[in-house]
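Take these sequences, add in the hints, and give me the full structure.
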Amino acid sequence: MVLAKAKTGECREYRDIVIHVGTNDVRMKQSEVTKRNIASACKSARKMCRHRVIVSGPLPVRGSDELYSRVSQLNRWLKTVFCPSQKIEFVDNWPSFWDSPTNRTKPGLLRSDGLHPNWRGALILSTNIDRAPTPLAPQ
Numbered sequence: 001m002v003l004a005k006a007k008t009g010e011c012r013e014y015r016d017i018v019i020h021v022g023t024n025d026v027r028m029k030q031s032e033v034t035k036r037n038i039a040s041a042c043k044s045a046r047k048m049c050r051h052r053v054i055v056s057g058p059l060p061v062r063g064s065d066e067l068y069s070r071v072s073q074l075n076r077w078l079k080t081v082f083c084p085s086q087k088i089e090f091v092d093n094w095p096s097f098w099d100s101p102t103n104r105t106k107p108g109l110l111r112s113d114g115l116h117p118n119w120r121g122a123l124i125l126s127t128n129i130d131r132a133p134t135p136l137a138p139q
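Just so we're aligned, residue 1 is where the sequence shown starts under UniProt numbering, counting upward by one.
Calculated from the structure, these hints are not laboratory results.
Please note that a few of the clues may not be correct.
What the hints assert, rightly or not - Straight-line Cα separation of at most 20 Å, SDA-like style, residue types lysine to any residue; simulated pairs: (1) 47 - 32; (2) 29 - 39; (3) 106 - 128; (4) 35 - 119; (5) 87 - 36; (6) 87 - 123; (7) 35 - 89; (8) 79 - 128; (9) 43 - 85; (10) 79 - 94; (11) 79 - 95; (12) 43 - 79; (13) 79 - 133.
Set out below in structure tokens:
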């Protein structure tokens with residue numbers, strides 16, 4: 001919503017902007033389009049931000065191997081390529097939601113759809129963002 005207003009010229013200035021990249025961003029199965037869209041959103045956010053833009057990485061998903069692979073690759077690209085090259089802070093949510101020993105999402109954090117966080121998952125997600133490399137400053 002904020003970025004849509006930036007495109008129409010109804011732009012306000014914000015101290016910090018957090019862009020959460022979610023599973024819906026990879027459903028088009030067009031990874032290069034997704035990457036361009038994320039870059040465009042970050043560019044718009046930078047124009048509206050006094051302090052910093054933060055990208056919150058996607059959550060691992062339950063479901064098909066293909067969807068998991070796409071989300072995992074997007075997370076890796078954000079973490080190792082895009083955010084460092086753009087000097088954008090990255091919140092890696094993967095370790096908080098993925099149980100490596102069992103190779104599955106941690107139980108009790110996602111809704112039954114396997115994509116969206118439940119209240120416990122939302123609490124973890126917001127805590128991760130709040131503890132971004134430079135803690136968010138109160139307004």
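Here is what the structure says about each hint:
The suggested pairing of residue 47 with residue 32 is violated, with an alpha-carbon distance near 23 Å, which exceeds 20 Å. A C-alpha spacing of about 17 Å is found between residue 29 and residue 39, which places the hinted pair at or below 20 Å, so the restraint holds. A threshold of 20 Å between alpha carbons decides the hint, and for residue 106 with residue 128 the separation of about 16 Å falls inside it, so the pair holds. Taken as a hint, the residue 35 and residue 119 pair is broken in the structure, with Cα atoms around 29 Å apart against an allowance of 20 Å.
At roughly 17 Å between alpha-carbon atoms, residue 87 and residue 36 fall within 20 Å of each other, so this suggested pair holds. Under the criterion of a C-alpha separation no larger than 20 Å, the hint pairing residue 87 with residue 123 is inconsistent with the structure, at around 26 Å. A distance of roughly 16 Å separates the Cα atoms of residue 35 and residue 89; the hinted pair therefore holds under the 20 Å criterion. Among the hinted pairs, residue 79 with residue 128 is consistent with the structure: their alpha-carbon atoms are about 15 Å apart, no more than 20 Å.
A hinted pair counts as satisfied when its Cα atoms are at most 20 Å apart, and residue 43 with residue 85 qualifies at roughly 13 Å. A distance of roughly 11 Å separates the Cα atoms of residue 79 and residue 94; the hinted pair therefore holds under the 20 Å criterion. This hinted pair checks out: residue 79 and residue 95 have alpha carbons roughly 13 Å apart, not beyond 20 Å. Taking the CA atoms of residue 43 and residue 79, the gap is near 17 Å; set against the 20 Å cutoff, the hint holds.
Among the hinted pairs, residue 79 with residue 133 is consistent with the structure: their alpha-carbon atoms are about 13 Å apart, no more than 20 Å.
Hints 1, 4 and 6, counting from the list given before, are not met by this structure.
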